[in-house]
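Novice: The sequence shown runs contiguously to residue 836 in the working numbering.
The hints are simulated quantities; they were obtained by calculation from the structure and are not laboratory data.
Beta carbons are placed, not taken as given, at the ideal position from N, Cα and C, and that holds for glycine.
A hint or two may mislead.
Derived Cβ-Cβ restraints for the label pairs, each shown as a range [as the list claims (entries may be wrong)]:
#, residue 1, residue 2, range
1, G782, L810, 22 to 32 angstroms
2, H532, R441, 42 to 52 angstroms
3, G750, G489, 15 to 25 angstroms
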Amino acid sequence: MLSAVIFLPLAAAAGVLLLPRLGGRAATRVWIAAAAADLLLVAVMWVRYEGGIGYETRMRWIPSVGAGYHVGVDGMSLPLIAMTALLFLVCAIYSLRETPRARAYAALFLSLQTVCLGLFAALDLLLFFVFFDLSIVGMYFVIAGWGHGDRLRSALKFFLYTFLGSLALLLGFIGLYLGSDPRTFDMVDLTHAPPFGDAPGTAGLVLLAVGVGLAVKTPTVPFHTWLPPAHTDAPAAGSAVLAGVLLKMGTYGFARIAMPMLPGAWQRHAWVFVVAGVAGVLYGALVALAQNDLKRLIAYTSVNHMGYVVLALGAAGLVAGDARARELAVSGAVTQMVSHGLVTGALFLLTGVLWDRARSYGLGGFGGIAATAPIFTGLTAVAAFASLGLPGLSGFIAEFQIFAGVIGIGTPGAVVAGALSVTGVLITAALLLRMLHRAYLGRPGELTPRVTDVRPEELAAVAPLLLLSLIIGIAPRWLLDMIEPASAAVVSLVGR
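Given these sequences and hints, build the entire structure.
Specialist: Shown next, in the form of structure tokens:
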């Protein structure tokens, strides 16, 4: 069933391209149908999942180097697969609006969905890398082909930065392969028998390569500079997928690859990731506070939110601290990945509404939108409050676990790091409330008369994301029951 989930969108993309008489509107409907069917299959997988590695398929691919088609899910990957399927579906619904070259657009997003699902399901390093690289290619064409502003330059910068990171990641994967005995790219085997047990120096170099490759994708400060222009000039659906899904490939890679396969190196260098996480939290929030471009503001909040994830994963390597607290931190990190995908995906789709109406993201041109577009304002307010971590929404569940876990580790450094990161919530609250006041509650601006309320397809795209954030915020047990066993397993592997 898992392989069907992965490749169903690709099959639909082929159908869209091979049917020459298929119109743009019909192509978007095929996209919606395929994405909906994929989400339904994922829901069935969720209900039938029984723990451990589920829905596993293992086939020979390149046996000469120990690489195979090996896929499966666990409590860490299945929530991300479900979030990915949902996010692509709502992007398809959102694209019912008039979209130029709709057939190619639908086929590209369907192909990108296969790539994203495949990466989260991959249990072979070489297979992971193939999907990792293809995600860069897919998003490059989304930005270059359907973006606006200086889209070609932003797409090129995105490609070059992230492709350079993928080359570093490839070097790290080759290092893991050469350090394994017997040599293999299989992630399960490498987790059970980590390489470089008696060569800490080599393990540190491999962690450096893997860490840089994943940090660029996350993105972690100072490897983040490609992100704001890519988001600013991407189409709304492209920004939603870039922030909601592609950024998670970096943090997921840390938890799935770097931590369990290089446990000793992760312990020795845990403070590097803790410091990088704190830097991302504070830098992302402070720079977002200074933005007058709404889309760049949201882009920098992604740096801030991904900083919380890196902080939590780094803190999990502080083995001198309380083990239960480290498990809580990792659980919070995975929950934050899901929450950020839902909430920031919604925020980027909502900024697309502003661009569609006024062709501007400048906060100075708006004001008093609440009077002309009350539903649009309400959706934006809910998304903003979820992003800042208001209780009752998913952001609070994630960030509370992270703060409680990091501070609960109990070492002085962890307590200081957690306390510093809490200030990021205050800054995020200030910048998002400032955004709401200036654009939605202030005096009418010159562009405000152009802003009409959300259309049915826009409401149908954004509302499910915010509803799910609300459900997680009020009743998170169903999600945490899935995540917590996998988080405990990661902490156990790091503590070896």
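Novice: So the hint says 15 to 25 angstroms: do the beta-carbon atoms of G750 and G489 match that?
Specialist: violated (48 angstroms)
Novice: Look at the Cβ atoms of H532 and R441 and judge whether their distance stays inside 42 to 52 angstroms.
Specialist: holds (47 angstroms)
Novice: Using the Cβ atoms, figure out if G782 sits within 22 to 32 angstroms of L810.
Specialist: holds (27 angstroms)
The earlier numbered hint that this structure contradicts is number 3, and it is the only one.
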